[in-house]
Amino acid sequence: MKGEVKASTRVYPSQLAALAFIASVTFKVLMLPRYFAGECGRQFWAAMALMIALDIATFAFVYKIARAGGLRSLDVPLAVKNAAILLAVTGSAFKAVLFCSETVAYAATTLFDEGLWRLVLAGLIPALAYIAYKGYNVIARVAQISVWLIGTVVVLNILLADLHGDPDAVLPILPDAGVAAAGDKYLFWFGDFTPLMFCSIAVDVRRKHVPVLISLAFIAIFTVGFTIALACVFGGGTTYASFAFAKLSVFNKLSKLLGALDFPVVSAWLLMATIKLSLLLAAVAEGIGHFTGRRGGVAVIAAVVVGVVCKLAVGNIGAAHDFFTGGARYLAAVTEYVVPMAVYAAWELSRRKRRAAA
Amino acid sequence: MKLKPSARKWVIIPLLFILFAVLGNLSSGINLLDRAIVVGVAFDGKPGDLTMTAQIVVPQNGGTASGGDKFAVFQSKGATVAEAVENLSLGSGLRASFAHTDVILFGVDFLKAGPGDVLEYIFKSDLVRDTALLVAAPTDAGELLKTKLTVGEAVSYHLIEMLQSNRDEAGQNPMTLQRYYFDWFTLGGACYMPLVTAIEEKDGSITPDSADDAYRLELTDTVVLSREGYALRLGAEESKGLSYATKRINSGTIPYEKEDGTRGDAIILDMHSDFRAKGERSVTLDVTVMCRPAEKPHSEGGKQVGVLGEDAVAQIARAIEEQVIACFEACRAEDCDVFGLSEALYRRYGTPIRRDIDDVLREIELTVDVHVFTK
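Protein chains in written order, with this note's numbering: chain W, 1 to 358; chain E, 1001 to 1375.
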């Protein structure tokens, strides 16, 4: 069983790069810009830049852990490892509920007239369960393939955009306490790399940092660039832009001729959301699998539980927002930022002790 | 029984097809023929008592842009937009679909009552695309949507054509839903939209069979709105001033008087403007115009004709300056910062401008600096 688990978490550097990009970007370009704009006005792009810098710094620790073989096989004290795994599982489960709610709300609005959550959940959950059941390397392969499709949609959007923005709309640049407060309030939408701690990198990566570095650069450019573009096009009106990615990416030049042309963007984003949610569920399965020895069944159960919680306990996007911006947000601070750093510190200490002993 | 990995896909693929079929039947998909494709929508009444008029294409009739009976106009009432939309669907027997709605009309009385809630709902709910054009009507917007036009087109389509084909000319000031919200959230908060008027054409009809009661549309005036709603109506000259100050123009003419006292026209090749903050209460509008005379250059009795001399250039610059200032003063009198000057100052000087926002527009000094280049 142990061997199977390890094989399912093995990914190539380029796959890890694609996963990191999708894991980080997907839910930062949907509801978050609107929330940020409501919280800190026209400086919301600065809040995004600040938090992305923090995320990228955290990724350094996650990457080191993945290079060392992943959290489960890391040589750290057992108590630290178990605590880290439990926290990673908890954080991933909560995030899965939040992001599943956003995905369902988005799909219900853009794909269905009636907007019934149960229909979307009925379609989404089996897909998530199956991909999460297949494990990290399958998710990574899907991400590696999808990233080109997503890139094509984004490039076409840039080429076909007919946006009448005002580049000066980001002025004056006066980041104040509101920027940090917004980052604090929406912690749950950041630090998306914790599930990648379970990955192990398949080949010697001494000279294979390039894909990951490119991915980090794209994460920074895409998220911050996207929020700046939103600020230029919608200004303060971003606070009313419910699904930012769909609002900005509508192939304007073509949609003027053909009418609404949302589907390429909707499908590209849904693909990203499916990968991201599967990754979170796979992290839950991997973590629980560490204790129970069974991973596949856990993934399916986790997917069903997330679906049921979304439908019965959350029910609407407002409830999800209120819960995850309340006291619960500090859980994300721990699971997404403290855990990777603590695990890395513990591993580094163990290594030093071993060296000293040798 | 454990299946071989190679055989699993033959179980999974049919299962997926079954799942898709089941899920497909769970959603109540609506046939295209059961949809009312709304191409233009008008709002009248007041918040809480809305009248919504929708011009729709009826697919089974083979609706085309040529208009005629292929379009139908339905009216509904409701306390909210959602209720009016629902009543529209009930009244027409078709599910109203706004994905192709390109123009939204508002009666001036409706704008005076405050369009905020309606526009906010439309924008937030993604009911129509953000690029939908906003247009004001002097009286009843719904009635205007029903107008029979000399060109034989549906009002919505004709309005869109007018606004899109003349969008780079001075005097027409198109406004999209997206831009409306951008302006609404600036420090001044003033917005504008073109005002469409229907002019009865007794003799000048293009289509003979519609000569008796056909109208043509005109878009020379502009309505300015504060955050609360309707503020004032700009005439044709002031509307041109608004265009010069707020958008890039690359067509249209500016008349001037020639040395011999006759009238000449300068054709605008390119025009752009930029607000420059000079002090905390001083803004300069730099307008750069590239133009050429309508007349081809030639020689008459040894004298060069068809070139823009210094006097003509000065007249053009003065005309632009006067129109811009006229627009600015008319709006300032109504406490409307339609040029977004307080926003320009805020971007340059930051917090002090926001603090003194109530006084900024009243105290602001606008200088218009027109640079005319001839070709």
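Don't read these hints as lab results, they were simulated from the structure.
Hints are not guaranteed to be accurate.
What the hints assert, rightly or not - Computed list of lysine-lysine pairs in PhoX-like fashion (alpha-carbon distance at most 25 angstroms, straight line):
#1 E:K1077 x W:K134
#2 E:K1112 x E:K1077
#3 E:K1077 x E:K1124
#4 E:K1375 x E:K1296
#5 E:K1046 x E:K1009
#6 W:K311 x E:K1112
#7 E:K1148 x W:K134
#8 E:K1004 x E:K1046
#9 W:K311 x W:K81
#10 E:K1258 x E:K1375
#11 E:K1124 x W:K185
#12 E:K1148 x E:K1077
Verification of the supplied hints:
no.: 1; hint: E:K1077 x W:K134; result: violated, 53 angstroms
no.: 2; hint: E:K1112 x E:K1077; result: holds, 19 angstroms
no.: 3; hint: E:K1077 x E:K1124; result: holds, 21 angstroms
no.: 4; hint: E:K1375 x E:K1296; result: holds, 11 angstroms
no.: 5; hint: E:K1046 x E:K1009; result: violated, 60 angstroms
no.: 6; hint: W:K311 x E:K1112; result: violated, 42 angstroms
no.: 7; hint: E:K1148 x W:K134; result: violated, 63 angstroms
no.: 8; hint: E:K1004 x E:K1046; result: violated, 68 angstroms
no.: 9; hint: W:K311 x W:K81; result: violated, 33 angstroms
no.: 10; hint: E:K1258 x E:K1375; result: holds, 17 angstroms
no.: 11; hint: E:K1124 x W:K185; result: holds, 22 angstroms
no.: 12; hint: E:K1148 x E:K1077; result: holds, 23 angstroms
The structure does not agree with the numbered hints 1, 5, 6, 7, 8 and 9 stated previously, though it agrees with the rest.
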